[in-house]
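> Protein sequences appear in the order of chains A and B.
Letter 157 of the first sequence, counting from 1, is numbered 157 in the numbering used here, and no numbers are missing.
Letter 199 of the second sequence, counting from 1, is numbered 199 in the numbering used here, and no numbers are missing.
Careful: at least some of the hints might be erroneous.
[Unchecked claim] Cross-link-like lysine-lysine pairs, in silico, DSS-like; alpha carbons within 25 angstroms at most: (1) B:K158 - A:K135; (2) B:K60 - B:K71; (3) B:K71 - A:K104; (4) A:K104 - B:K48; (5) A:K156 - A:K228.
[Claimed, not checked] Distance windows between CB atoms, simulated: (6) B:A67 - A:G14: 24 to 34 angstroms; (7) B:K59 - A:T64: 51 to 61 angstroms; (8) A:D119 - B:V170: 40 to 50 angstroms; (9) B:K60 - A:E55: 16 to 26 angstroms; (10) A:K228 - B:F65: 49 to 59 angstroms; (11) B:S208 - A:K127: 53 to 63 angstroms; (12) A:D168 - B:P162: 41 to 51 angstroms.
Since the hints were made in silico from the structure, they are not lab data.
None of these values were measured; they are calculated from a predicted model.
For each residue, glycine too, the CB sits at the ideal point set by N, CA and C.
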Amino acid sequence: MITVENLLKDFGQGPILKDVNLTFKEGEVTVIMGPSGSGKSTLLRCLNFLEIPTEGQVMFEDITLIETPAILQAVRQEVAMVFQSFYLFNHMTALENCSLAPRKVLGLSKEVASQRAEDALVEVGLKDFLHRLPKTLSGGQKQRVAIARALAMKPKVILFDEPTSALDPENVQEVLQTIAALAAKKMTLIVVTHEMGFAKKVADRVIFMDEGNVVEDAKAHSFFIAPKTERARNFIKNLSY
Amino acid sequence: MSFLGRMTALFIEGYPLLIEGLRSTLLLAIFGTLFGLGIGLILITVQKLHVMDQEPFFKKTVKKFNAQLTKMYVAFFRGTPMLVQAMVFYYGLNQMGFRIGFYAAGLTVVSLNTAAYLTEVLKAGLNGLDVGQSEAALSLGMTHGQTYRLVLLPQALKNMVPAIGNELIVNIKDTAVLSVIGVGELFYMGRALASRTFLYTEAFVLVSIVYLITVLVMVELLKRISRLSDKDASRLLNSQSEVGV
Ligand SMILES: Nc1ncnc2c1ncn2[C@@H]1O[C@H](COP(=O)(O)OP(=O)(O)O)[C@@H](O)[C@H]1O
Ligand SMILES: [Mg+2]
Numbered sequence: 001m002i003t004v005e006n007l008l009k010d011f012g013q014g015p016i017l018k019d020v021n022l023t024f025k026e027g028e029v030t031v032i033m034g035p036s037g038s039g040k041s042t043l044l045r046c047l048n049f050l051e052i053p054t055e056g057q058v059m060f061e062d063i064t065l066i067e068t069p070a071i072l073q074a075v076r077q078e079v080a081m082v083f084q085s086f087y088l089f090n091h092m093t094a095l096e097n098c099s100l101a102p103r104k105v106l107g108l109s110k111e112v113a114s115q116r117a118e119d120a121l122v123e124v125g126l127k128d129f130l131h132r133l134p135k136t137l138s139g140g141q142k143q144r145v146a147i148a149r150a151l152a153m154k155p156k157v158i159l160f161d162e163p164t165s166a167l168d169p170e171n172v173q174e175v176l177q178t179i180a181a182l183a184a185k186k187m188t189l190i191v192v193t194h195e196m197g198f199a200k201k202v203a204d205r206v207i208f209m210d211e212g213n214v215v216e217d218a219k220a221h222s223f224f225i226a227p228k229t230e231r232a233r234n235f236i237k238n239l240s241y
Numbered sequence: 001m002s003f004l005g006r007m008t009a010l011f012i013e014g015y016p017l018l019i020e021g022l023r024s025t026l027l028l029a030i031f032g033t034l035f036g037l038g039i040g041l042i043l044i045t046v047q048k049l050h051v052m053d054q055e056p057f058f059k060k061t062v063k064k065f066n067a068q069l070t071k072m073y074v075a076f077f078r079g080t081p082m083l084v085q086a087m088v089f090y091y092g093l094n095q096m097g098f099r100i101g102f103y104a105a106g107l108t109v110v111s112l113n114t115a116a117y118l119t120e121v122l123k124a125g126l127n128g129l130d131v132g133q134s135e136a137a138l139s140l141g142m143t144h145g146q147t148y149r150l151v152l153l154p155q156a157l158k159n160m161v162p163a164i165g166n167e168l169i170v171n172i173k174d175t176a177v178l179s180v181i182g183v184g185e186l187f188y189m190g191r192a193l194a195s196r197t198f199l200y201t202e203a204f205v206l207v208s209i210v211y212l213i214t215v216l217v218m219v220e221l222l223k224r225i226s227r228l229s230d231k232d233a234s235r236l237l238n239s240q241s242e243v244g245v
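Isolated chain B (complex conformation) (with noise of 0.2 angstroms):
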C-alpha cells in the first residue's frame, strides 16, 4: 500500500480518536485562554493597585508586597517549561494526598501558564497607554479605582484583543504537552492511534494536519472577529457623517 493509502486507512479508522482529541485540545485551548484571561486580570490589577502616600504603613506593605507577588508569579510560569509544570503540579498534588483529575490539572496548568502571559501583555498595553488617559480621568473627579477600570482597562483590553487571539492558537499546539500527565488530547490520540497500528509517521503526519487545519480555521475566525469590530467602528463612521457638517 502507498503512503497515501496507509494515511486513508489510518484516517478511516482512527478518526473517532482524533475527534475526540481534537475536542478535548479546543475545550482546554479555549477555556484555558479564557480563565488564563481572567487570572491575568485579577493578577495586573492586584499589581497596579494604588499606593497612596496618607495610606497605612500596614496597608501599603501589603499591596507592595502582593505586587512582588504577582510578579514572581510571572516570572515562575514564564520562566518555566509548561511541560515541567504539568509534571510538578499533577504529581505534587497527588503526592500531597489531593486526588486530581488529568483534565483538572491540564486545564488548571494551561489557565495559570496563560495567566502568566497575558499579565504581562496586559502590562504592556496599561504601560502604553499615555498619561494623559489618567490625567483626565482624575481630573474629572474620579477615583483611582474608577479611572483604572472605567478608562484605562477598557483601552488595554480592546488593544490586546490580537494577543488573546494568539495566546489561543499557541495553546492549541502547546496543550500537546499535556500527554505527559495523561489528558486525552489530540497528541495523546495520535500516540494511541500510531503505537496501535505501528504506523508511527503516518499517525504523527496526520496529526499535524489536523493541526494545521485547526489552527488555520481559528486565525481565519479570529481575523473575521476583528475584521467584524473594525467594520462596526466604519459603519458608525459613515453613517454620522451623512449626518455631520
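Just chain A, same shape as in the assembly (with noise of 0.2 angstroms):
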C-alpha cells in the first residue's frame, strides 16, 4: 500500500534518514520504535510528504508521491495524521474539528459531513462533547478528537506520531485503547509509540531504527521475544523498567 524506495532525508547538516526502503501492507499494523533523534518521525512525516524526502520515493498506492498539490492533496486525503500534540484547531468544537476537512477537501455537504463527524467522535467515545472547544478538553480527549478528525475522512491509511507521549498518564489508556479499536477493525496503521504493552498486543509488525536506518523490521511477537541486534534488546530492556 505504501512503498518507501531507497529514502534519504536530510535538513542540511547531515542525511536523517539513510536509505531507508520499506512497504506497508493493507490491514497491517506497524510500530516503529526506536531511541529519540532516531528519525521516526522524519519517516513518518514523509510518508504523506509533510517533509519532501532528499533523495528516493514514496510511493502510495500507485501512485508516485511528488510535490505537485492535486497529488498531496490527493494522497494526504487517503493518508491521515495524528500528532504528539494533537493540534487540533482551537477555534472550532470537536465536531467542527472533525467535519471541516470532509467539507472543504471531500465537498461534501454540511449535513453529510456533520454526520461523519459525528459518527466519528461516537466510535472513539465522544458522543457527549460534540460541541466542546479544544481547551475544556482533557488531553486524552483532545488525542481522541484528533483520531476522530483522521477518521471522518475515511483514509486508508493513519500514521500516529508518539500519541501518547505529551497525555498524563491517566489519560494514556483510553488513546491506546481507541487505537487498539481500530487496529481490530483491520484498518492500516503505522505507530510510533513506546508503549511495549500496546505493541505486544496491537502491532503485527515492529521496525526498529537508529540513527536514520530501519535495523530491526520483524513480526512484532519475534521482535519482543528475541530481538537480533544488541542496540534492540538493549532498548527494550531500558523501556521495560
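Build the complex from these two chains, which are given one at a time in their own frames, with help from the hints.
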C-alpha cells in the first residue's frame, strides 16, 4: 500500500534518514520504535510528504508522491496523521474540527460532513463532547478528537506520531484503547510509540530504527521475544524498567 | 467669573459644535479602523501567499515582489507621522488635480495608517500560531489557501480582537491631527470654539474632557464585548459538562 524506496532525508546537517526501504501492507499494524532522534518522526512525515525526501521515493498505492498540489492533496486525503500534540483547530468545536476537511476537501454537504464527524466522534467515545472547544477537553479527549478528525476522512492509512507521549499517565490508556479498536477493525495503522504493552498486543510488525537506519523489521512477537540486534535488546530492556 | 463658571458657559455655547466634532471623530475612528482592518487583511494575505518550488519563475517573482511591496507600505506608514501623511496626501492629490474632500482625505489617511499597524499585528498573530496548526490542516488534504483561510487566519483574528480595540482607541485620539487638513473633528471644533471666544484654556480643557469620556466609554464597551464572547465559551462549557461523563 505504501512503498518507500531508497529514502534519504537531509535537513542540511547530514542525513537524518539513510537509504530506508520499506513496504507497508493493507490491514497491517506497524509499530515503529527507536531512540529519540533516530528519525521516526521524519520517516512518518515523509509518508504523507509533510517532509519532502531529499532522495528516493515514496509511493502510495500506484501513485508516486511528487510535490504537486494535486497529488499531495489526493494522497493526504487517504493518509491521515495524528500528532503527538494533537494540533486541534482551537477555534472550532470537536464536531467542527472533524467536519471541516470532509466539507472543504472532500466537498461533502454540511449535513453529510457533520454526520460523518459525529459518527467518528461517537466511535472514539466522545458523543457527549461534540460541541466542546478543545481548550475545555482533557489531553486524552483532545487526542481522541484528533483521531476522530482523521477517521472522518475515511482514510486508508492512519499515521500516529507518539500519540500518547504528551498525555498525563491517566489519559494514556483511553487513547491506546481507541487505537487498538481501530486495529481490531483491520485498519492500516503505522504507529510510532514506546508503549511496549500496546505494541505487544496490537502490532503485527515492529520496525526498530537507530540513527536514521531501519535496524530491525520483524513480526511483533518475534521482535519482543528475540530481538536480533544488541541495540534493540538494550532498548527494550530500558523500556521495561 | 470663575474658571468653572467660564467652562460651563463655554459648554452651553459650544456644545453643538463639540457634538458635531465628536460625531466626525467617532465616524473617522470607527470606519478608519474597519477599513484599515480590511486593507490589512489584504496586505497580510499578499505578504503570506505561499510560494511553491515548482511554480513558474515568473509567478514566483511576482509573488515575492508583491510581498516586498507590502513590507515597504508598512514601513512607510509606520515610519512617518500621520500628520505628515495627511499633508502629503491632501496637498499632493490636490496638486495633481484630484479634487478630494477633507473628510475623504482624512478617512483615507486613517485607514491606510491603521492598515499598516494591523498588518503587523496580523503578522505577529499568524507567526505566533503553532506550525502544527498548518501541518494538521495540510495533512488532511487542505490546500495552502484553505489552510490559511479556514485555520490560520480565524485564529489570528480571534487573538487580535484586543489589538483592534486598542487601535480604535488610538484612532479616536490620533484623528485630532486631521484638523491640519481642515477635517472638522473634535479638536478642530475645539479650536474654532477657542478662537471665537478667546477662552483658549477653557476650550481645550473642555475638549480634553470630551476625549477622555469618549475613550473611557469606548474602553468599557470593548471590555463588555470581549466579556460577552468569553461568557459564550463558558456557557457552552457548563451546559456540556452537565451532560458529559
Ligand atoms: N525540520 C528539521 N530541521 C532540521 N533538523 C531536523 C528537522 N526535523 C528533525 N530534525 C532532526 O532530525 C533528527 C531526527 O528527528 P526525528 O525524526 O524527530 O526523530 P525521532 O522522531 O525519532 O525522535 C533529529 O536529530 C532532529 O534534530
Ligand atoms: Mg519524534
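> Quick one: which hint numbers does this structure break? Sort them smallest to largest.
The structure breaks hints 3, 5, 7 and 12; every other hint is satisfied.
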